[in-house]
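Novice: Okay, here's what each chain looks like letter by letter:
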Amino acid sequence: MSLDRSDVEKIAHLARLQIDEADIPEYTQNLSNILDLVDQMQAVDTSSVEPMDHPTDAVQRLRIDEVSEENQRDKLQSVSPAVDLGLFQVPKVIE
Amino acid sequence: MFEKTLAELAQGLNNGDYSSVELTDAYLNRIKAEDGQYNSYITVTEEQALAQAKAADETRAAGNAGPFTGLPIAHKDIFCTEGVRTSCGSRMLDNFISPYNATVIEKFNQAGAVSLGKTNMDEFAMGSSNESSFYGAVKNPWNTECVPGGSSGGSAAAVAARLAPAATGTDTGGSIRQPAALCGITGLKPTYGRVSRFGMIAFASSLDQGGPMTRSAEDAAMMMNVMGGFDGRDSTSLQMDSEDYCADLSKPLDGLKIGLPKEYFSDDLNPAIAQQVQAAIKEYEALGATTQEISLPNTALAVPAYYIIAPAEASSNLSRFDGVRYGYRCESPVDLEDLYKRSRGEGFGAEVKRRIMVGTYALSEGFYDAYYKKAQQIRRLIKQDFVDALSQVDVIMGPTTPHPAFKIGEKTSDPIDMYMEDIFTLSLNLAGLPGMSVPCGQTNGLPVGLQIIGNYFAERQLLNVAHRFQQATDWHHLSPVSAGK
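Listed in order, the protein sequences are those of chains A and B. FYI, my numbering numbers position 40 of the first sequence as 40, with every residue one higher than the one before it. FYI, my numbering numbers position 40 of the second sequence as 40, with every residue one higher than the one before it.
20 Å max Cα-Cα, derived EDC-like pairs, lysine to aspartate or glutamate: (1) K411/B x D36/A; (2) K92/A x D335/B; (3) K75/A x E82/B; (4) K373/B x D39/A; (5) K92/A x D322/B; (6) K407/B x D417/B; (7) K92/A x D338/B; (8) K75/A x D94/B; (9) K10/A x E351/B.
These are computed hints drawn from the structure, not numbers from a lab.
Given only the sequences and the hints, what does the whole structure look like? Please build it.
Specialist: In structure tokens, the structure reads:
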């Protein structure tokens, strides 16, 4: 599976990652090589195999719907880059 | 003092040979004097350590000491520690002072342990050499030109260099066992779900598992008695009664059936590694075990399946690092998209970006069935190989790694070259099985690890199998310090 520059630019955008222009050729090569490696899987017929998404096939545990955590907003926001009045600050989204 | 195991140090504390404050102070001084050459710690928490040691001594004086009271250990910098920087080896979290404790940290605190500090690691646990850390590479104490392995390379190097009697680690594809092998220490990756993941910064949630990195199997059992157990705050925590991991350590091995996967002993295996592992297996035969060849036919598919599943889960988990709520934020973002992209682009290193992009691609529209679903189907085949094999034998043995420690810089140019280092370890994470690495020899002055794989929930048996070997051999006692390195 070979990717080109525009594929890498699209993936980086989907992942919201800024990639330096100069690094794109190397990422393109690395990602193509990794996809070649994982393509070894395609040689195996898995049509009758159930996908496995948990090591011990456990199911989601349920609990009684009651409050288990207290509100620690101020403590948890103490490590935030920009907070005002308990709200996270970001650049203006709506004009 | 620095050559003593946790079990021996606990005895010394009980006998009053030294106090926890004296022991902790000795380790802190040794870290200050020696860690410049290894870079095994990111943060040393001197003040907190001495306060914990003082409290432990008071607990002991009051007659309330437990088995772990006053014992100093180090924690991989992936476990959130309240009031302490928890960086995960990344610029992204360089400024993150955790406002809460991981369950593992909480449990060690409750047991009266002393935390010396936070150990270096590959960025977000993605790596097999500890070279991807924002805080610089860790050096292998056996040869400082070599890597210690990864991602728990700082923990492994600290234990090997006697800068901590023991440490915690995490293992997503071999990150406890591989560095344990390359640094000549003992490491246990428990069954998925044994050790709580709460507050353990997530890489690939269906594979991540915390565990002990120690001088001996006995110490690993002592650590598991603290670390293990159900945690309601981890949605995938195993709901099983807690058990005494030390209970079966000394059971005889008569009649133990050991399976040797032919795929692990191919002609490609490094001859020195093969020789040391074969010698260890002979030792097991002398201890009463029998061996038989088994097959794990889908072994070669573990690397391809892993490098879809782990990056896919990572791309999802690491989307939380957005420059908004905590962690690194870029300077003067012009709009929200710029804030996300530059914070992530500047905050993450190259390997993390690679894996996020592989995962994003595999999960993107139109590719899901070909990559993620396919990898999950392969994952079941790999698990089934182990289930079949473990219906014939009690444990499986082989090398932990295909080579001894390699040179710093040797494998950084080709990510795939690095990925192949984990060929023997990552299939266990896909299957969710427990595994250990124990030192079983040396080649050119570098340690060799024996991997022991057990059935689900069979940690006590693994620890027993490893402990009996360590009763009969001295490999785990070798240290770069006593070897004059």
